[in-house]
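2 protein chains.
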Amino acid sequence: MYYQGLINKYRAFLPVSDKTPVITLNEGNTPLIKAEKLAEKIGADFEIYLKFDGCNPTGSFKDRGMTLAVSKAKESGSGAIICASTGNTSASAAAYGAKAGLKTFVIVPDGLVAPSKLSQALMYGAEIISVQGSFDRAFDFVKQICEKYPITLVNSLNQNRIEGQKTGAFEIIEALDDAPDYHFVPVGNAGNMAAYWKGYKEFFDLNKSKKLPEMIGIQAKGCAPIVEGRIIENPDTLATAIRVGNPASWQSALKAKDESNGAIDCVSDEEIISAYKLIASSEGVFAEPSSASSVAGMIKLKNQIKSGSKVICVLTGNGLKDSDSALKFANSKIKKCPANIDEILKVMDI
Amino acid sequence: MYYQGLINKYRAFLPVSDKTPVITLNEGNTPLIKAEKLAEKIGADFEIYLKFDGCNPTGSFKDRGMTLAVSKAKESGSGAIICASTGNTSASAAAYGAKAGLKTFVIVPDGLVAPSKLSQALMYGAEIISVQGSFDRAFDFVKQICEKYPITLVNSLNQNRIEGQKTGAFEIIEALDDAPDYHFVPVGNAGNMAAYWKGYKEFFDLNKSKKLPEMIGIQAKGCAPIVEGRIIENPDTLATAIRVGNPASWQSALKAKDESNGAIDCVSDEEIISAYKLIASSEGVFAEPSSASSVAGMIKLKNQIKSGSKVICVLTGNGLKDSDSALKFANSKIKKCPANIDEILKVMDI
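Sequences listed follow chains A and B, in order.
Going by our numbering, the first sequence opens with residue -1, and the numbers climb by one from there.
Going by our numbering, the second sequence opens with residue -1, and the numbers climb by one from there.
It is possible that some hints are incorrect.
As the list claims (entries may be wrong) - SDA-like mimics (lysine to any residue), calculated; alpha carbons at most 20 Å apart, straight line:
no., chain 1, residue 1, chain 2, residue 2
1, B, K141, A, A337
2, B, K146, A, S128
3, B, K344, A, L343
4, A, K146, B, K101
5, B, K101, B, Y147
6, A, K331, B, K146
7, A, K333, B, K101
8, B, K141, A, L343
9, A, K219, A, E257
As the list claims (entries may be wrong) - Some but not every residue of chain B turned toward chain A, in silico, with C-beta under 7 Å:
no., residue
10, V20
11, N24
12, G57
13, G131
14, S132
Hint data in this document are derived by calculation from the structure and do not stem from the laboratory.
Glycine included, each C-beta is placed from N, C-alpha and C at the ideal position.
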């Protein structure tokens, strides 16, 4: 049988039964790219692998959790799904909602979200309602609605999201024939760090790997609640996908760090952009700026990484989601030239 | 061994040897999505499968050919690669050029290309040179340069591109355990239609499939040179990725049509946009408008498709490449609402 999404592939490890309808866009199964030039450029004496989850159907890792959350919503007879989100979660929810034939509601804070960020959700046909107030206020409304009506919350409070996301670890173990030594992951709501750790532990317990990685979560310096040990009221970072002042999975991320003997650290916006540019120009991989925080963290901590080890950096989202940043920080510029072969050769410098 | 791109997987069927350096971003291996709701909505009594090549690393099917073209350029000792392109080809060339450590030159006609279309190539660090004159003029310069210098042309005249692209057919045969009955594909430069047909024939000859599909190429009505049998001087369609007035693989596409007892037809921009919206809202699949021409063609010709047959529609590019169109043609709109639970419920209509 051909690859038909992560529920069908990892059925034995997920909370599904024969009765669960499988709502899938064939998510997962994303590239693991060995980054030899990157390693050379930063002078690393270890192996770096980029797990490019931006190749998922809606362009982010959220699809891993959403396939399960929406399949379970459908199984439970839910009439609709709902989330408060301004980015990747809304896109993923809207796509799987459409595939399932479930109405998808997205509540966003009025005036705080550029329509371009919602273009995917609008294209998939989600009902997007913009409400005055903060993001937290919008999220409160979502929770109230789910208490009263048969509508399933698909924000990351939904544990099925975490269950689906843990399959990223399964794929890495299968690719490397073992777990890596270090696993770097961007930390916003922190659910992905918790999910990966859960996945690594489960396959380790089943003897599918011989070791467990150190889990290293990376926040943005302007929004590093876990690093600073306090809620950040006014987050300030261009890494919008990890701009979360009070992470939902805070405690689970700390647990992953402690159990794995790992770390949670932070990097500046400059370090994020530098990594964002470096992976594009040296590896041909175009990820969202937020995604590059994992690589920026790895570069920051490279002297603490043991020689010869295998290091994963998760790239959570596709760079195409934010072409404004690409134009702003691009590695090259367009050069104008008269229509004359000699002039062109001069510009080409060959 | 884990999936490491289409050269490693299909080595026996591609013009590579042990000496060929493999430049890969783990392209290929893209989702084949069964579109049951779409079939129901259009009243089809056949099975529809969407081959979503927008999940490739740079967001289009071009990566399939580029991995081979750039690997062969590297093997031949070429110092750089070059193309004339305003879209998906430039993005793919720049990414694989970066990965290979080869300089990538992109020649574009000055004033005719929006910088946003080039954001990927700029991010990957390509040298983009904008030259006065038409696209054809730019392409002439590219060919002149390749005659004089050890620089490899990676436009679709490069036959390695076609060789790489044929692997899409291999993947479909492996997924369905046979070839489909019909294969719909957007036709711009027409190389992809020729490539798929080559792939289907090769696996058929090796007894890996029991049949061959009818190949059905779809052009845009405002730019249908093959349908009309004449070069189109001033193409007029919003499907930019297939806006090619004088296709490079014209004759190969006609051959694929004739040999397969297929067809080459065209659809209007309205039909393209309608299909573009329909696959997003019914299947959760967000493709470029140009990609949706394959689905629009299938809808146009649905009464000629035999009951019970299996039909492929190739979706060549990711919808994220063109978020302007998504906002313009979206299936829903953002609704404003006061911050009051009853008002929100009223807007939700539950």
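Okay, the hints, checked on the actual structure:
no.	hint	verdict
1	K141(B) to A337(A)	14 Å, holds
2	K146(B) to S128(A)	59 Å, violated
3	K344(B) to L343(A)	64 Å, violated
4	K146(A) to K101(B)	59 Å, violated
5	K101(B) to Y147(B)	13 Å, holds
6	K331(A) to K146(B)	25 Å, violated
7	K333(A) to K101(B)	15 Å, holds
8	K141(B) to L343(A)	13 Å, holds
9	K219(A) to E257(A)	24 Å, violated
10	V20	11 Å, violated
11	N24	3 Å, holds
12	G57	6 Å, holds
13	G131	5 Å, holds
14	S132	10 Å, violated
Of the numbered hints listed earlier, those contradicted by the structure are 2, 3, 4, 6, 9, 10, 14.
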